[in-house]
Amino acid sequence: MHIYLEWLRYGIRKGTRFRANTVAWMLADIALYGSVLSMYFLLGLAFDQFGSYDQDEIGLYISTYFLVNNLFAVLFSEAVSQYYEKILDGTYLYGVLAPHGMFISVFLSNFNFPALVSTPLLLLINGFYVVQLSSQVTVLRLCLYAATILSSVLTLTFLFLLIFSLAFLGLRSGLLGGLISQCFSLAEKPDTVFPKFARYIFTYVLPAFMISAVPTRILLSRNNWGEALYCLLLPWILFLLFNKVEAVGLKTYNGVGG
Amino acid sequence: MVSKRYIASSLRYHMAMFLRYRLKVVTSFFSEILFPIAVNILFVVGLTDDASTGLTPADLVQYVITANLIFMFSMSDLDCVVAKDIKSYQLIYKMEAPVSPWLQYVLSDLFSKLGNLLLFYVPFFLIMAVLGNGVTAPLPLIAVFLWISVVLGYCISFIIGSLAFWLTEVWGVAAIKNLVLSVFSGTIFPFSLLPNAVQNLMNCLPFQYISYIPASILSGTVDLRDAPTLLLGGVFWSALFLLVAALIWRCGLRKYEGAGT
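Taken in order, these protein sequences are the chains called X and L.
When you read off a place in the first sequence, starting at 1, and then add 272, the result is the number in the numbering used here.
When you read off a place in the second sequence, starting at 1, and then add 18, the result is the number in the numbering used here.
For the record, the hints were derived by calculation from the structure and aren't laboratory data.
Watch out, some of these pointers could steer you wrong.
[To be verified] Dumping the calculated BS3-like pairs for lysine-lysine here, alpha-carbon to alpha-carbon at most 27 Å: (1) K358(X) - K42(L); (2) K112(L) - K22(L); (3) K102(L) - K286(X); (4) K131(L) - K102(L); (5) K358(X) - K523(X); (6) K112(L) - K195(L); (7) K273(L) - K112(L); (8) K195(L) - K105(L); (9) K112(L) - K131(L); (10) K286(X) - K105(L); (11) K358(X) - K102(L).
Just so we're clear, the structure is a prediction, and the values are computed from it rather than from any experiment.
Whenever a hint applies, use it, and build me the whole structure from the sequences.
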């Protein structure tokens with residue numbers, strides 16, 4: 273337990289030591305939320321509905337998307353990048369030899385404190401829209417909403433780990449990761465403005481809408497239970513796939529040592 | 019005065035770098051050009067599906083493609099490049115070169131975008147030629163507005179990059195620039211969708227000259243009788259941003275110290 277707390281303290285100290293970086297991150301986050309909310313505010317002056325979402329619902333939708341991304345950034349994004357770099361530069365083996373294993377050492381030592389600074393603001397924005405829509409929300413739905421948010425964060429994590437583990441097989445998965453990141457930026461837009469085939473592909477094949485539309489629809493009681501179940505199971509499916517690819521890749525992996 | 023040899027060698031270098039990593043070229047086409055444009059098109063067309071906006075889906079597609087391509091061409095990551103050079107010894111070398119640092123940055127960026135222009139933008143121009151109503155505005159007018167857009171983009175980048183003379187990190191400010199400009203320049207949706215009062219407010223801002231005005235002129239949605247007023251506004255803003263960029267650069271150079279071997 274002691275070492276886990278030390279890693280956490282390391283992440284916090286890293287963020288507080290380089291204050292300029294933390295401030296820059298916070299400014300960038302606020303600019304991101306502000307610009308997107310401004311865009312929908314401006315569009316809201318001309319349109320009453322965004323697909324099937326009214327203005328409060330789209331606020332909830334966007335805040336859900338940002339919350340998932342923020343939690344991923346705080347907990348896992350740097351660790352996932354570190355994982356990929358370790359494969360490329362050969363130091364992956366050091367992680368495997370660590371007493372607490374590869375994942376615990378990489379994930380705990382890459383806690384992203386600067387991104388955490390904007391999490392309270394996001395929770396406030398998200399909470400505001402949940403309260404605005406409280407007439408449609410039940411306690412059970414709220415719990416399921418929270419579970420799907422956490423599930424979406426894990427989906428992102430294991431999806432990127434799966435993609436980056438393809439580097440074991442000699443593929444330049446860094447570029448693929450960039451492409452997938454760009455695809456996930458689609459999730460910021462309301463899913464119901466897109467054609468059905470696009471919605472299907474970006475929900476079930478490339479699960480971009482899993483991080484925004486599905487949790488939002490669950491809270492608003494507009495989901496189908498198939499997609500809710502898929503949202504909860506998807507991280508574990510990706511985890512199994514990632515384990516398999518990593519196991520296959522490690523058989524032929526050459527690292528550095530000395 | 020820039021020598022032809024410098025231009026030729028810089029051009030050769032950037033085209034070689036562009037074509038060196040072919041997989042990166044392919045993935046950057048999909049992730050930086052095709053996908054964002056496709057998403058914006060589907061978003062705007064889907065949003066205005068059942069609303070009476072006076073614009074047909076073909077008009078919106080043409081506008082979104084034009085605005086996005088102009089935005090991608092005008093905006094650059096020069097702010098980070100300039101900031102990096104200020105933080106390291108590279109700026110001193112650039113200042114010692116016979117070509118001014120600003121010109122080096124601008125030419126380097128333009129040449130690196132030339133590959134994108136020739137290889138990627140052409141398919142989109144073909145789509146617009148098929149879908150669109152053709153170009154009704156005179157070519158010199160289009161060229162001037164595109165020039166204003168590029169000047170504004172570079173000036174904003176220089177202003178932000180020059181902040182590195184005083185700040186330790188400028189990437190946050192650069193991120194703000196990218197996010198704010200993508201909304202307020204009219205890249206995602208045309209301002210003509212907004213109520214008149216809001217449009218008037220947006221018209222007071224300089225950012226419309228980055229995407230909205232050139233794209234509207236190219237796609238023929240702007241009344242050409244408004245062109246002189248728009249031109250005057252564009253010239254004013256680009257001159258102002260040029261002046262601010264030059265002032266900030268000069269003030270920064272006064273306090274700058276660099277060392278190298």
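Next on the checklist: Can you confirm whether the C-alpha distance between K358(X) and K42(L) stays at or below 27 Å?
Outcome noted: holds (21 Å)
Checklist entry - Is K112(L) within 27 Å of K22(L), Cα to Cα? => result Distance of about 18 Å is within 27 Å: holds.
Item to check | Agreement of K112(L) and K195(L) with the hint, judged by alpha carbon distance not exceeding 27 Å | outcome: holds (25 Å)
Checklist entry - Quick one, are K358(X) and K523(X) close enough, alpha carbons at most 27 Å? => result holds (16 Å)
Next on the checklist: Check the hint pairing K102(L) with K286(X) against an upper bound of 27 Å on the C-alpha distance.
Outcome noted: Status holds; Cα separation ~22 Å.
Next on the checklist: For a C-alpha distance cap of 27 Å, please report whether K286(X) and K105(L) respect it.
Outcome noted: Holds: K286(X) and K105(L) sit about 21 Å apart, inside 27 Å.
Checklist entry - Do the alpha carbons of K112(L) and K131(L) lie within 27 Å of each other, as the hint requires? => result holds (21 Å)
Next on the checklist: For a C-alpha distance cap of 27 Å, please report whether K131(L) and K102(L) respect it.
Outcome noted: holds (20 Å)
Checklist entry - Holds or violated: K358(X) with K102(L), Cα cutoff 27 Å? => result The given pair, whose Cα atoms are some 25 Å apart, holds under the 27 Å limit.
Next on the checklist: What's the verdict on K195(L) and K105(L), does the C-alpha distance respect the 27 Å limit or exceed it?
Outcome noted: Since the Cα atoms of K195(L) and K105(L) sit roughly 20 Å apart, the hinted pair holds (cutoff 27 Å).
Item to check | Holds or violated: K273(L) to K112(L), with C-alpha atoms at most 27 Å apart | outcome: holds (17 Å)
When the structure is compared with the earlier hints, no violation turns up for any of them.
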